[in-house]
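There are 2 protein chains.
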Amino acid sequence: MSDNENDTVGSRRAFLSGAVAAGAGALTTSVAAAQTADPLITEIQPWAQEFGDGVDAARYGLPSEHEGDVIRRNVEWLTADTVSSINFTPIHALDGTITPQGCAFERHHSGAIDLKKDDYRLMIHGLVDTPLVFSYADLERFPRENHVYFCECAANTGMEWAGAQLNGAQFTHGMIHNMEYTGVPLRTLLEEAGFDTAGDLTGKWVYVEGADASSNGRSIPMEKALDDVLVAFKANGEALRKEHGYPVRLVVPGWEGNLWVKWIRRIEVTDGPVESREETSKYTDTLDDGTSRKWTWAMDAKSVVTSPSPQAPIKHGTGPLVITGLAWSGRGAINRVDVSKDGGKSWETARLAKPGEKMALTRFYLDTNWDGSEMMLQSRAMDDTGYVQPTKTQLREVRGLNSIYHNNCIQTWLVRSNGEAENVEVS
Amino acid sequence: MSDNENDTVGSRRAFLSGAVAAGAGALTTSVAAAQTADPLITEIQPWAQEFGDGVDAARYGLPSEHEGDVIRRNVEWLTADTVSSINFTPIHALDGTITPQGCAFERHHSGAIDLKKDDYRLMIHGLVDTPLVFSYADLERFPRENHVYFCECAANTGMEWAGAQLNGAQFTHGMIHNMEYTGVPLRTLLEEAGFDTAGDLTGKWVYVEGADASSNGRSIPMEKALDDVLVAFKANGEALRKEHGYPVRLVVPGWEGNLWVKWIRRIEVTDGPVESREETSKYTDTLDDGTSRKWTWAMDAKSVVTSPSPQAPIKHGTGPLVITGLAWSGRGAINRVDVSKDGGKSWETARLAKPGEKMALTRFYLDTNWDGSEMMLQSRAMDDTGYVQPTKTQLREVRGLNSIYHNNCIQTWLVRSNGEAENVEVS
Numbered sequence: 001m002s003d004n005e006n007d008t009v010g011s012r013r014a015f016l017s018g019a020v021a022a023g024a025g026a027l028t029t030s031v032a033a034a035q036t037a038d039p040l041i042t043e044i045q046p047w048a049q050e051f052g053d054g055v056d057a058a059r060y061g062l063p064s065e066h067e068g069d070v071i072r073r074n075v076e077w078l079t080a081d082t083v084s085s086i087n088f089t090p091i092h093a094l095d096g097t098i099t100p101q102g103c104a105f106e107r108h109h110s111g112a113i114d115l116k117k118d119d120y121r122l123m124i125h126g127l128v129d130t131p132l133v134f135s136y137a138d139l140e141r142f143p144r145e146n147h148v149y150f151c152e153c154a155a156n157t158g159m160e161w162a163g164a165q166l167n168g169a170q171f172t173h174g175m176i177h178n179m180e181y182t183g184v185p186l187r188t189l190l191e192e193a194g195f196d197t198a199g200d201l202t203g204k205w206v207y208v209e210g211a212d213a214s215s216n217g218r219s220i221p222m223e224k225a226l227d228d229v230l231v232a233f234k235a236n237g238e239a240l241r242k243e244h245g246y247p248v249r250l251v252v253p254g255w256e257g258n259l260w261v262k263w264i265r266r267i268e269v270t271d272g273p274v275e276s277r278e279e280t281s282k283y284t285d286t287l288d289d290g291t292s293r294k295w296t297w298a299m300d301a302k303s304v305v306t307s308p309s310p311q312a313p314i315k316h317g318t319g320p321l322v323i324t325g326l327a328w329s330g331r332g333a334i335n336r337v338d339v340s341k342d343g344g345k346s347w348e349t350a351r352l353a354k355p356g357e358k359m360a361l362t363r364f365y366l367d368t369n370w371d372g373s374e375m376m377l378q379s380r381a382m383d384d385t386g387y388v389q390p391t392k393t394q395l396r397e398v399r400g401l402n403s404i405y406h407n408n409c410i411q412t413w414l415v416r417s418n419g420e421a422e423n424v425e426v427s
Numbered sequence: 001m002s003d004n005e006n007d008t009v010g011s012r013r014a015f016l017s018g019a020v021a022a023g024a025g026a027l028t029t030s031v032a033a034a035q036t037a038d039p040l041i042t043e044i045q046p047w048a049q050e051f052g053d054g055v056d057a058a059r060y061g062l063p064s065e066h067e068g069d070v071i072r073r074n075v076e077w078l079t080a081d082t083v084s085s086i087n088f089t090p091i092h093a094l095d096g097t098i099t100p101q102g103c104a105f106e107r108h109h110s111g112a113i114d115l116k117k118d119d120y121r122l123m124i125h126g127l128v129d130t131p132l133v134f135s136y137a138d139l140e141r142f143p144r145e146n147h148v149y150f151c152e153c154a155a156n157t158g159m160e161w162a163g164a165q166l167n168g169a170q171f172t173h174g175m176i177h178n179m180e181y182t183g184v185p186l187r188t189l190l191e192e193a194g195f196d197t198a199g200d201l202t203g204k205w206v207y208v209e210g211a212d213a214s215s216n217g218r219s220i221p222m223e224k225a226l227d228d229v230l231v232a233f234k235a236n237g238e239a240l241r242k243e244h245g246y247p248v249r250l251v252v253p254g255w256e257g258n259l260w261v262k263w264i265r266r267i268e269v270t271d272g273p274v275e276s277r278e279e280t281s282k283y284t285d286t287l288d289d290g291t292s293r294k295w296t297w298a299m300d301a302k303s304v305v306t307s308p309s310p311q312a313p314i315k316h317g318t319g320p321l322v323i324t325g326l327a328w329s330g331r332g333a334i335n336r337v338d339v340s341k342d343g344g345k346s347w348e349t350a351r352l353a354k355p356g357e358k359m360a361l362t363r364f365y366l367d368t369n370w371d372g373s374e375m376m377l378q379s380r381a382m383d384d385t386g387y388v389q390p391t392k393t394q395l396r397e398v399r400g401l402n403s404i405y406h407n408n409c410i411q412t413w414l415v416r417s418n419g420e421a422e423n424v425e426v427s
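Chains as they are written, first to last, in the UniProt record's numbering: chain V, 1 to 427; chain X, 1 to 427.
Because the hints were derived from the structure by calculation, they are not lab data. Small disclaimer: the values here were computed from a predicted structure and weren't measured. Heads up, a few of these hints could be off.
Treat identical chains as interchangeable: a pair holds within one or across any two.
Under the rule of at most 27 Å between Cα atoms (straight-line distance), these lysine-lysine pairs were calculated in the DSS-like manner [claimed, not checked]: (1) Lys282 x Lys224; (2) Lys116 x Lys315; (3) Lys116 x Lys341; (4) Lys294 x Lys392; (5) Lys116 x Lys224; (6) Lys294 x Lys345; (7) Lys315 x Lys345; (8) Lys315 x Lys117.
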């Protein structure tokens, strides 16, 4: 990892002293020309001569009206109804790593329910000494933790199994968000109910269920439940939004989003998995030979270039270009991301904005110069387990074409000479 | 610092195995009682029998309607008009460290202006080889960085000089927010304009100015300008909100918020400070002897208990109680926070949710048991320079009672036996 950090710093320095300086010439020429001719500089503008608006402090703030297209979007043909629907984070328009709740992807199975804090109850029962019921106020009395984690739907990128279909990073990779959660470790609540966390955990599971009509029940092995699962009530500092499980949801770091049960009402300690609908008919992985495998909870290392991309074309012509994207791994921390401009024939190591953190989004940048020729842009993530993000061909050799979930293949954008980009397959 | 980390982990373990276990008895009794009698558990609730709402993906998401009081608030008598106004972050209701933009405090001097990306220009001129004008699209072509920083108004807690006045952490300490910024280092843009960052910086300053009518011009010494100042266009991943300087603001880590010029339009390299209105008649510190001192840019180490507090009283009675708050330093990272229940006579070391990061908010927790007796709650922050947050008495010895800015005194909340809290002074 330190080798990689050196590489990253090294390539950045080379960029600042060499590549950017070269590109900077062109940039300087074009912007310096604007200085004398541009009325936005030579004339006093209206916004410098009048008061702007006051801020209505009695209302929760919203984005600038000029950013009206940076919103979640759905794909109408993908789900039957808005109450059994999914929408996608506008990752092509975001930067950094935090996802604001207001544009964070959301999936529900029977609609987002309206559940007041005063009406909230969480029951822990089954193989425990003392079955307990917690109110929201009870939960606030236990020691809390804060962690930034990504939440990715198992079906993210799922349409790509059958070929390049959805044209935009928001739609191919936008079933993901990354927030700072505040909550109580599930371990603490299980101990409160008298479960012996130091005892024999063999065969022990928890079955978790939401308060909505779908209930969305899932089984989680006890080792994971005691490791890092949170019963969370805040995201990015504030209360969970209604569609994210207000007032309380489960956070299952690194594992598929369907396990992050919203409006969580019940946690039962069992002596085996329940084999619920949500883990048998759904959320299993069809293989090339027609059989399916289950219990594939962890989201493997993955990445995507968010800009340039089909919804974020290059508009500034040749010269300095920032290629950027996101990488993540459900098994650890991202420690390297490579970017290819030629569909995987050659690779350059990208700069990570910060050292990768466990089970959280990592932002990468490749600061480069574009000569205007066509690019087949790809990114390839690696995590600290040594895992390398696979190609689509490698995945299909095992999984075939009929899977839905857990597609973490390398994504390809064809960037044309006019700067427009398209979702394509590399043969 | 490692000593402190050990202390923190140690006290947490003691809490989990000792203090909480003791308190847990009471908690278990009360919540177990709810299990059989509570119709919220025994009866199937409406939200489990019907579809919830679909999510309107065409609109930016808002908080739950049940969180309508978690908003910025202003103090009507404090400023003359909404276009020359300030509003306060609801820190009493938040947890974790990230502040969502929609409730992040905001101060403007002539209103929040409406400035489109296409109309945006930034000029860098003065003592540079090549004066340059950058469009928004130009800025996006330079290498970006991501950092979480707090922004605190120099006047935060300013009313406390004259005594305990505003009753609530939102009003005494809410002129602060903490966001993940994405932007271009100012150093990069100065180098682009041909400023010799490796040359003699003695006496060199930058004068920075916004595009609004107030222009809010401020002088910044070149050493700081080249150190960590960002020309930023994203906060928490998305575009800056209008009231936070859309589309581009300056980020001056650790230094008073007035320097974080919004809608930044001009950066002039000068051979001295401008001594503008905003740094002579304002943003200087009156001392006890009636003179004033200036250039007090850095925000010293500070902390406040956010809950319990006047707007967040204790409602659950005696037993386990989470005391939590925020700590920060403009000169480095927080490495320890102590909490007192008796007005500073005795102190307990709080648990930091994460190791402190430079110039960013740190969340602290004291997981304790409350016997119902009156408390004089205080918190005391320390940073990695060795600085310890002072008492109000210590500050007044130097600054007197007539200052406005840079009040980083220890705050006291009187918590009564009924759980209600009040802003008080400790004599």
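Can you give the numbers of the hints that this structure goes against, from lowest to highest?
-> 3, 5 and 6
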